[in-house]
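*Asks:* Protein chains in written order, with the numbering used here: chain A, 1 to 251; chain B, 1 to 355.
I should point out that these hints are in silico values taken from the structure, not numbers from a laboratory. One or more of the hints may lead you astray.
20 Å max Cα-Cα, derived EDC-like pairs, lysine to aspartate or glutamate [said to hold, decoys possible]:
hint : chain 1 : residue 1 : chain 2 : residue 2
1    : B       : Lys192    : A       : Glu38
2    : B       : Lys192    : A       : Asp86
3    : A       : Lys44     : B       : Glu203
4    : A       : Lys186    : A       : Glu38
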Amino acid sequence: MGEKLYAITEGLQDTPMHYCPGCHHGVIHRLVAEVITEMGLLDKTILVEPVGCSVFAHNYFKVDAVQAAHGRAPAVATGVKRVRPDAVVFTYQGDGDLAAIGCAEIVHAAMRGERFTTIFVNNAIYGMTGGQMAPTTLEGQVTTTSPDGRKVSHAGAPIRMPEMLATLDGAKYAARVAVNTPANIKKAKAAIKEAFSCQLRGDGFSIVEVLSACPTGWGMTPVAADQFIGERMVQRFPLGVIKAEVEADGT
Amino acid sequence: MVEKVLMKGNEAIGEAALRAGCRYYFAYPITPQSELPEFMARELPKRGGVFLQAESEIASVNMVYGAAACGARAMTSSSSPGFSLKQEGISYLAAAELPCLLVNVQRGGPGLGTILPGQADYFQATKGGGHGDYRLLVLAPDSVQEMYDFTLLGFALADQYRMPALLLADGALGQMMEAVKLEGEPKPAPDKPWAVAGRRGREKLNVVQTLALDRDELEAHNRALQDKYALVRRNEVRYEALQTEDADLVLVAYGISARVAKSAMAKARAKGLKVGVFRPITLFPFPEEALFALAKQTNAFLVAEMSCGQMLEDVERVTCCQKPVHFYGRTGGHLTNVEELLERIEQIMAGKAVR
Ligand SMILES: Cc1ncc(C[n+]2csc(CCOP(=O)(O)OP(=O)(O)O)c2C)c(N)n1
Ligand code: SF4
Chain A
1 MGEKLYAITE GLQDTPMHYC PGCHHGVIHR LVAEVITEMG LLDKTILVEP VGCSVFAHNY
61 FKVDAVQAAH GRAPAVATGV KRVRPDAVVF TYQGDGDLAA IGCAEIVHAA MRGERFTTIF
121 VNNAIYGMTG GQMAPTTLEG QVTTTSPDGR KVSHAGAPIR MPEMLATLDG AKYAARVAVN
181 TPANIKKAKA AIKEAFSCQL RGDGFSIVEV LSACPTGWGM TPVAADQFIG ERMVQRFPLG
241 VIKAEVEADG T
Chain B
1 MVEKVLMKGN EAIGEAALRA GCRYYFAYPI TPQSELPEFM ARELPKRGGV FLQAESEIAS
61 VNMVYGAAAC GARAMTSSSS PGFSLKQEGI SYLAAAELPC LLVNVQRGGP GLGTILPGQA
121 DYFQATKGGG HGDYRLLVLA PDSVQEMYDF TLLGFALADQ YRMPALLLAD GALGQMMEAV
181 KLEGEPKPAP DKPWAVAGRR GREKLNVVQT LALDRDELEA HNRALQDKYA LVRRNEVRYE
241 ALQTEDADLV LVAYGISARV AKSAMAKARA KGLKVGVFRP ITLFPFPEEA LFALAKQTNA
301 FLVAEMSCGQ MLEDVERVTC CQKPVHFYGR TGGHLTNVEE LLERIEQIMA GKAVR
């Protein structure tokens, strides 16, 4: 018997999602919801959602939620967690949200070792606004604002956020995963679980970057988009656990 | 006996915030308000509260957003350049109807300007410094005692109307030392059934959000906000009127400039000139009806503020050209000056003033 990877989870509301066909946001939602549910945290979890295609995440997750201004989710989550240290708090952010406009907020939340978890959805593009270049756009990748492909000499090279954040002492868990194959989905779920465990232990900041397909923004079929992740994105954004520190006095 | 304590204006705000039950304060240093975060850094941890110095004013106002979304009494403070940076967050706070206290200890602008006192953020404070149709409840103290009193009041009104309140002070009031009566019972925070907490068995999800892609939904939200602001206009107007009954000329000033106006009035009266002072205490809601009525009985107004004429526009607007409105303004670093003001008063009353 095959393993059941797409079971309906209590952590999601029973409603159709607005994401495009082949978009990975829905898969990532499901994985996060499954982890929260399986860990028995559904009743005390607070989502801080971004501005981006997942701005309506509160319509899908069955948890209390705060919608932050573009990029400010880590600051909002800081306020939330400081008032409710007994709650489980996670931000869900795109690459424009986290790596561009909200870069200062995520760096300083990680530096302070804020005890929340960040799910960072890297689809190498600004999905919601119509496929513009992101800080994570690959070299040569064509977007509506890099019509001749991203040139490193002009726009710099794509930023690797978890690697950068892992240099900070306050960041205790950092990993990069993908959800383009069943095997990767399994690993992604394990990493997300680790990140929430890190938060529950009170160790510090935890982040999981998920490479995510945006067939609409990329101008690809869903199948081609999954292949693009496996063949192109992982070269610049290698998968795996970047940092996993368990505090000795963690309980 | 109520305690009377000598303290700086900035510290009086902190003392009152603690009394109001504020336990979350998010800061970014800037002169001339740094005594306030420094006070909170010392005092909040002693009372089980959280003082956090953020990476920027953008972050600190968004931390307030998160804390207020959880139902906590939270606050942040800054001075003009930093307060500009908070405007994005303030628009979101107003849109999400999150109560909190904001403090702007104004200095002179534009740009980096000066660290010395100013009053040129009136437009930003009262007309909506961020995007969208929103208002803040704006309180303008003119003494260290009022820094204290209006901090208590600001938290109470913010909770009552579910909107951010702004204490609009200036560097002179922030640095000034005066005796303060530590009295006045803060209104305890009401129940906030809308606050996010994690569901904790609750069937309904609590969501704090500001997106309304559907234009009818957005318009309904805007109408509801405007209804609330109308209620605030009806119920919360505060002002002080001194010797305006028989005044031929009424000085209109708020904050530190109102103190200068009061001194100028005393000197003018000593010379037999019938001068009064009208001091708006709430800048939003602006005391429109009282000023309109005053325009019927006095002969002229003289607005005095540390700007090139910002509150002036509101005085002109609400007195509807019934009487001449004169202006005396100094800019950042130069306090309005009693002698200069008196000179203007004498010119106007001798019919020599050029408007
Ligand atoms: C202050 C501000 N600037 C710009 C925007 C417009 N905007 C909305 S979403 C977005 C980027 C979304 O891209 P990303 O974070 O990668 O998320 P995705 O939509 O790809 O999931 C931008 C620039 C905004 N809402 N607010
Ligand atoms: S635009 Fe891209 S990220 Fe947004 S929903 Fe569509 S596929 Fe997903």
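*Asks:* Take the hints in turn and mark each one as holding or not.
*Replies:* Comparing the hints with the structure gives:
1. B:Lys192 <-> A:Glu38: Cα-Cα ~30 Å, so violated.
2. B:Lys192 <-> A:Asp86: 18 Å, holds
3. A:Lys44 <-> B:Glu203: The hint holds at about 13 Å.
4. A:Lys186 <-> A:Glu38: 14 Å, holds
Consistency note: the structure conflicts with earlier hint 1 alone.
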